[in-house]
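There are 2 protein chains.
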Amino acid sequence: MKITPKTLPGFMELLPQDQILFNEMKEKIQKNYEKYGFIPLDTPIIESAEILLAKAGGETEKQIYRFNKGENDLALRFDLTVPLAKYVAKNYNELTFPFRRYQIGKVYRGEKAQRGRFREFYQCDIDIIGDGELGIINDAELPSIIYTTFKELGFEKFKIRINNRKILNGIFEELNLKEKSVEVMRIIDKIAKIGNEAVKEELRKLEIEEKSIEKIMQFILIEGTTDEKLKAIEKLEIKNELFNLGVAELKEVIKNIRYFGIPENNFKIDYSIARGLDYYTGTVYETFFDDYEELGSVCSGGRYENLAENYTDKKLPGVGISIGLTRLFDQLNNLKLITSEEKSISKVLVISMCENDDGITLKTATELRKANINTQIYFEDKKIKAKFKYADKLQIPYVVIIGEDEIKTNTVTLKNMKTGEQETLKIEDVIKKIS
Amino acid sequence: MKITPKTLPGFMELLPQDQILFNEMKEKIQKNYEKYGFIPLDTPIIESAEILLAKAGGETEKQIYRFNKGENDLALRFDLTVPLAKYVAKNYNELTFPFRRYQIGKVYRGEKAQRGRFREFYQCDIDIIGDGELGIINDAELPSIIYTTFKELGFEKFKIRINNRKILNGIFEELNLKEKSVEVMRIIDKIAKIGNEAVKEELRKLEIEEKSIEKIMQFILIEGTTDEKLKAIEKLEIKNELFNLGVAELKEVIKNIRYFGIPENNFKIDYSIARGLDYYTGTVYETFFDDYEELGSVCSGGRYENLAENYTDKKLPGVGISIGLTRLFDQLNNLKLITSEEKSISKVLVISMCENDDGITLKTATELRKANINTQIYFEDKKIKAKFKYADKLQIPYVVIIGEDEIKTNTVTLKNMKTGEQETLKIEDVIKKIS
Numbered sequence: 001m002k003i004t005p006k007t008l009p010g011f012m013e014l015l016p017q018d019q020i021l022f023n024e025m026k027e028k029i030q031k032n033y034e035k036y037g038f039i040p041l042d043t044p045i046i047e048s049a050e051i052l053l054a055k056a057g058g059e060t061e062k063q064i065y066r067f068n069k070g071e072n073d074l075a076l077r078f079d080l081t082v083p084l085a086k087y088v089a090k091n092y093n094e095l096t097f098p099f100r101r102y103q104i105g106k107v108y109r110g111e112k113a114q115r116g117r118f119r120e121f122y123q124c125d126i127d128i129i130g131d132g133e134l135g136i137i138n139d140a141e142l143p144s145i146i147y148t149t150f151k152e153l154g155f156e157k158f159k160i161r162i163n164n165r166k167i168l169n170g171i172f173e174e175l176n177l178k179e180k181s182v183e184v185m186r187i188i189d190k191i192a193k194i195g196n197e198a199v200k201e202e203l204r205k206l207e208i209e210e211k212s213i214e215k216i217m218q219f220i221l222i223e224g225t226t227d228e229k230l231k232a233i234e235k236l237e238i239k240n241e242l243f244n245l246g247v248a249e250l251k252e253v254i255k256n257i258r259y260f261g262i263p264e265n266n267f268k269i270d271y272s273i274a275r276g277l278d279y280y281t282g283t284v285y286e287t288f289f290d291d292y293e294e295l296g297s298v299c300s301g302g303r304y305e306n307l308a309e310n311y312t313d314k315k316l317p318g319v320g321i322s323i324g325l326t327r328l329f330d331q332l333n334n335l336k337l338i339t340s341e342e343k344s345i346s347k348v349l350v351i352s353m354c355e356n357d358d359g360i361t362l363k364t365a366t367e368l369r370k371a372n373i374n375t376q377i378y379f380e381d382k383k384i385k386a387k388f389k390y391a392d393k394l395q396i397p398y399v400v401i402i403g404e405d406e407i408k409t410n411t412v413t414l415k416n417m418k419t420g421e422q423e424t425l426k427i428e429d430v431i432k433k434i435s
Numbered sequence: 436m437k438i439t440p441k442t443l444p445g446f447m448e449l450l451p452q453d454q455i456l457f458n459e460m461k462e463k464i465q466k467n468y469e470k471y472g473f474i475p476l477d478t479p480i481i482e483s484a485e486i487l488l489a490k491a492g493g494e495t496e497k498q499i500y501r502f503n504k505g506e507n508d509l510a511l512r513f514d515l516t517v518p519l520a521k522y523v524a525k526n527y528n529e530l531t532f533p534f535r536r537y538q539i540g541k542v543y544r545g546e547k548a549q550r551g552r553f554r555e556f557y558q559c560d561i562d563i564i565g566d567g568e569l570g571i572i573n574d575a576e577l578p579s580i581i582y583t584t585f586k587e588l589g590f591e592k593f594k595i596r597i598n599n600r601k602i603l604n605g606i607f608e609e610l611n612l613k614e615k616s617v618e619v620m621r622i623i624d625k626i627a628k629i630g631n632e633a634v635k636e637e638l639r640k641l642e643i644e645e646k647s648i649e650k651i652m653q654f655i656l657i658e659g660t661t662d663e664k665l666k667a668i669e670k671l672e673i674k675n676e677l678f679n680l681g682v683a684e685l686k687e688v689i690k691n692i693r694y695f696g697i698p699e700n701n702f703k704i705d706y707s708i709a710r711g712l713d714y715y716t717g718t719v720y721e722t723f724f725d726d727y728e729e730l731g732s733v734c735s736g737g738r739y740e741n742l743a744e745n746y747t748d749k750k751l752p753g754v755g756i757s758i759g760l761t762r763l764f765d766q767l768n769n770l771k772l773i774t775s776e777e778k779s780i781s782k783v784l785v786i787s788m789c790e791n792d793d794g795i796t797l798k799t800a801t802e803l804r805k806a807n808i809n810t811q812i813y814f815e816d817k818k819i820k821a822k823f824k825y826a827d828k829l830q831i832p833y834v835v836i837i838g839e840d841e842i843k844t845n846t847v848t849l850k851n852m853k854t855g856e857q858e859t860l861k862i863e864d865v866i867k868k869i870s
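In order, the protein sequences belong to chains H and Z. This note's numbering applies: residue 1 is where the first sequence begins, and numbers increase by one. This note's numbering applies: residue 436 is where the second sequence begins, and numbers increase by one.
These are calculated hints, taken from the structure and not from any lab test. Among these hints, one or two may not hold up.
To list a few chain Z residues with every Cβ distance to chain H over 12 Å, as calculated [stated by the list, open to error]:
1. 437
2. 507
3. 624
4. 725
5. 757
6. 784
7. 818
Where chain Z lies over chain H, by a calculated footprint (3+ residues, C-beta under 8 Å) [claimed, not checked]:
8. 84–91
9. 402–410
For every residue, glycine included, the Cβ atom is placed at its ideal position computed from N, Cα and C.
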């Protein structure tokens with residue numbers, strides 16, 4: 001009895017052409033992370049459940065893949081941050097700080113199966129971890145990495161939204177709203193939908209004084225250029241220490257972002273970004289495509305106070321970002337926003353026209369490979385038409401043909417599959433031509 | 436309460452310097468697979484248990500990580516071949532045959548924890564799958580890939596051992612020993628340990644006729660050069676069809692291996708290789724380091740009749756090889772056989788000597804990165820000595836220093852960390868120098 005070959009729902013499995021595109025994206029992200037001096041890390045996909053769930057709760061705990069093997073209570077990692085925290089705490093004495101690592105790997109969440117949601121997906125993370133402290137200028141380098149990464153992926157029209165959580169927290173502190181901050185944030189979030197007056201009305205229901213409501217409205221209605229927004233925030237005249245520190249940090253980050261050469265079109269201050277209420281403590285980032293805001297943030301992150309507090313007493317502040325590559329690829333592919341000139345791994349398909357050529361075909365392919373040209377040989381005993389069709393289907397750009405005439409004259413025929421052009425050349429000239 | 440940060444036994448987790456070396460090996464293998472025109476494939480790590488266990492039994496079933504999530508009976512893949520079989524059966528109509536794919540990914544086996552055994556490990560596989568049939572010359576290309584891969588990894592002294600299972604099976608068929616073949620193989624395997632006479636003695640215990648024992652001994656004692664071994668096998672004068680086909684295939688493979696340019700030192704015929712008794716049906720390979728035979732085979736594989744018979748009626752013959760990278764890396768690392776000139780991801784560390792440099796440091800780093808030079812900036816507010824120590828620890832080969840003099844003259848100072856040499860240069864000249 002045959003078993004029907006199925007792949008589980010929520011698990012991405014691509015056909016070759018898409019896989020090549022996916023890997024191209026993954027490799028570009030990796031190369032760009034390395035360009036900024038981040039070191040690779042590869043942690044196990046399985047960890048002890050105790051480690052992974054040290055902090056987690058709520059949704060995470062429900063979604064996690066957890067199981068026993070023998071006596072061990074195991075789980076699959078649901079992000080790359082918890083394993084990083086474990087790694088840094090475990091290897092603290094062996095690491096050089098600031099520790100800059102990237103990790104590109106699969107993580108697992110048993111989400112409800114629905115279009116665009118994945119249970120297994122790649123995260124592409126970078127984090128910079130300080131030993132005790134970490135300079136604010138690090139917070140300015142991450143947007144530079146986001147910028148060059150998305151440019152490298154072929155995008156121009158996207159915006160990195162930047163905020164500093166100390167500003168929000170300082171305002172709440174100043175207005176004595178710390179305990180209501182979650183609800184206030186939730187109301188503020190609806191402003192685009194329900195409008196200013198309705199927001200005020202809802203805030204009044206929380207028994208917030210009129211003066212505080214005015215401050216909140218002034219704050220969330222700040223608009224203008226980056227510099228105008230920085231000026232406007234100072235004009236609020238909030239004399240809170242945390243708030244002032246947040247504004248100073250944000251100014252420092254903006255100044256250095258400009259030094260890094262990020263165009264004004266590709267970043268903006270967005271005072272409404274919070275990104276969860278207890279993890280991030282300073283700078284926060286989100287990234288949106290200008291023309292596809294509905295995709296949500298395609299790269300997010302921020303500054304946190306203490307990476308590994310569940311595993312060590314060492315204070316390890318950090319700043320990081322993450323790209324959810326599987327979802328991003330799926331979205332971009334659905335929108336037909338991913339293309340590539342070269343969708344083939346092989347640059348050349350070598351085809352022999354003779355029954356017995358004393359190894360000329362294999363020797364030719366070996367020469368091409370030695371010259372670092374990805375080369376496939378068509379070995380099967382098929383009609384010539386089938387051989388060319390194979391090159392066509394795999395989108396291999398060149399075919400090298402070896403027939404009796406070529407063998408006699410110690411040449412090959414090179415066919416450009418796009419233009420149809422053919423020329424007879426020495427192998428050295430083929431190498432020069434297509435290298 | 437703090438949780439002790441631990442990694443599970445049997446799961447490799449490397450420190451940065453080793454991780455860089457590991458990734459270098461992985462990337463070299465990948466690039467070499469692509470050089471032969473293999474297409475990347477990335478299948479889920481979790482599959483339905485029914486799919487993964489379609490054929491398995493015995494050890495595999497005991498070792499597999501299997502668990503329930505909701506109503507689903509799930510398991511982690513224990514190799515990359517079963518997922519390939521599922522993939523090809525599932526996507527048969529979308530694929531172009533011969534389908535040449537590589538996959539480099541983690542697989543899971545709950546082995547007993549002991550030194551050198553891993554529960555999570557990378558396999559680096561290539562397979563060529565034919566639709567109904569697949570030419571024997573494919574079997575000659577794989578040794579060529581093994582050869583170039585290990586050369587690329589920096590090894591010279593290794594041997595690919597080649598055999599054809601049809602030869603063994605043909606002999607057993609001819610001598611009417613098919614039912615005893617497992618036991619005969621087991622006895623033959625011991626010849627190095629127990630010697631010829633003891634082997635004969637044990638074969639007699641199986642009630643094998645003296646004439647057959649003579650043939651078996653003649654066969655397993657064949658020695659000499661590759662050509663001598665090919666001649667000797669013909670001299671056995673076994674008139675069995677399967678045997679003759681095996682010999683013809685082996686001769687064809689050896690002829691083409693030579694055309695591919697594999698030196699005689701790097702391959703040999705080994706008539707004793709069987710590699711399990713029911714999966715491989717033709718050519719089989721094993722690869723040993725000349726000076727470290729005790730490591731066992733570091734790259735193995737062979738020809739199989741039918742990849743996906745559990746999932747489809749289509750006949751899909753194939754040939755493939757696999758490198759168990761995690762174990763290989765561990766072994767080579769223990770033997771101190773892995774080194775690398777460049778153990779750093781960053782080529783340059785940029786250090787600023789000024790409090791405020793109007794962004795010159797960030798702009799300089801941006802220039803270097805634009806020129807594709809992996810560059811890290813030292814941001815922390817530490818003494819100059821600490822900054823150089825950082826470059827040293829991370830083995831970053833160059834430091835670019837920006838001080839007040841450099842800013843005035845629009846130059847930077849480049850220090851070669853190996854030689855200690857320092858020169859003051861324009862940034863363009865730094866780029867030229869270290870590119």
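Each hint, compared with the structure:
no., hint, result
1, 437, "violated, 6 Å"
2, 507, "violated, 7 Å"
3, 624, "holds, 32 Å"
4, 725, "holds, 23 Å"
5, 757, "holds, 19 Å"
6, 784, "violated, 8 Å"
7, 818, "holds, 15 Å"
8, 84–91, "holds (count 6)"
9, 402–410, "violated (count 0)"
Of the numbered hints stated above, those contradicted by the structure are hints 1, 2, 6, 9, listed in ascending order.
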